Amino acid sequence: MTEPELTLEQLQQRENEWRFGTSTIARYERIIKAATIMTEAEKKALSEWEAIHVTGSGDYGTSDWPGWEAIIPRITH
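Note that the working numbering gives residue 53 to position 45 of the sequence shown, counting from 1, and the numbers run on in steps of one.
Do not take every clue at face value.
Between beta-carbon pairs, the in silico distance windows are [to be verified]:
#1 E48 - G69: 35 to 43 Å
#2 P12 - Y36: 31 to 39 Å
#3 L19 - G64: 34 to 42 Å
#4 R35 - E56: 36 to 44 Å
#5 Y68 - M46: 15 to 23 Å
#6 E56 - E23: 37 to 45 Å
#7 A49 - W26: 35 to 43 Å
#8 N24 - M46: 31 to 39 Å
#9 E37 - Y68: 13 to 21 Å
#10 N24 - K51: 31 to 39 Å
#11 L14 - T70: 52 to 60 Å
Read the hints as simulated data drawn from the structure, not as lab findings.
Since we're looking at a predicted model, the values are computed, not measured.
Just so it is clear, CB atoms sit at the ideal spot from N, CA and C, and this is done for glycine as well.
Please work from the sequences and hints to get the whole structure.
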């Protein structure tokens with residue numbers, strides 16, 4: 009049994025899903041590495057942000073913290 013041919017739109021959707029998944033994994037890897045070089049002030053800021061935003065509802069997680077954007081560039085040099 010062969011797989012049915014996909015339309016161009018379906019192929020593009022499949023590629024976008026793959027790219028999103030790959031970039032998400034790469035971002036998590038950067039966050040994990042960035043967490044190892046955080047200053048005490050950054051750790052405190054993350055903790056305070058989590059106390060407000062990470063409630064268990066699933067709306068936000070630690071990886072959504074806006075502070076990562078300032079830390080991640082420090083690990084890529």
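The hints, checked one at a time:
In this structure, E48 and G69 break the distance hint of 35 to 43 Å, their C-beta atoms being roughly 22 Å apart. For the pair P12 and Y36, the beta carbons lie near 34 Å from each other, so the given range of 31 to 39 Å is met. Range check, L19 to G64: about 38 Å between beta-carbon atoms, so the 34 to 42 Å window is met. Our hint of 36 to 44 Å for R35 and E56 is violated, since their Cβ atoms are close to 22 Å apart.
Against the hinted window of 15 to 23 Å, the Cβ-Cβ separation of Y68 and M46 comes to about 18 Å, which satisfies the hint. At about 39 Å, the beta-carbon gap between E56 and E23 stays in the expected band of 37 to 45 Å. In this structure the supplied range 35 to 43 Å holds for A49 paired with W26, their Cβ-Cβ distance being about 38 Å. A C-beta distance of roughly 32 Å is found between N24 and M46, which places it inside the suggested range of 31 to 39 Å.
For E37 and Y68, the hinted distance range of 13 to 21 Å is satisfied, since their beta carbons lie about 20 Å from each other. A beta carbon spacing of about 35 Å between N24 and K51 agrees with the range 31 to 39 Å that was offered as a hint. Between L14 and T70 the C-beta distance comes to about 36 Å, which lies outside the given range of 52 to 60 Å.
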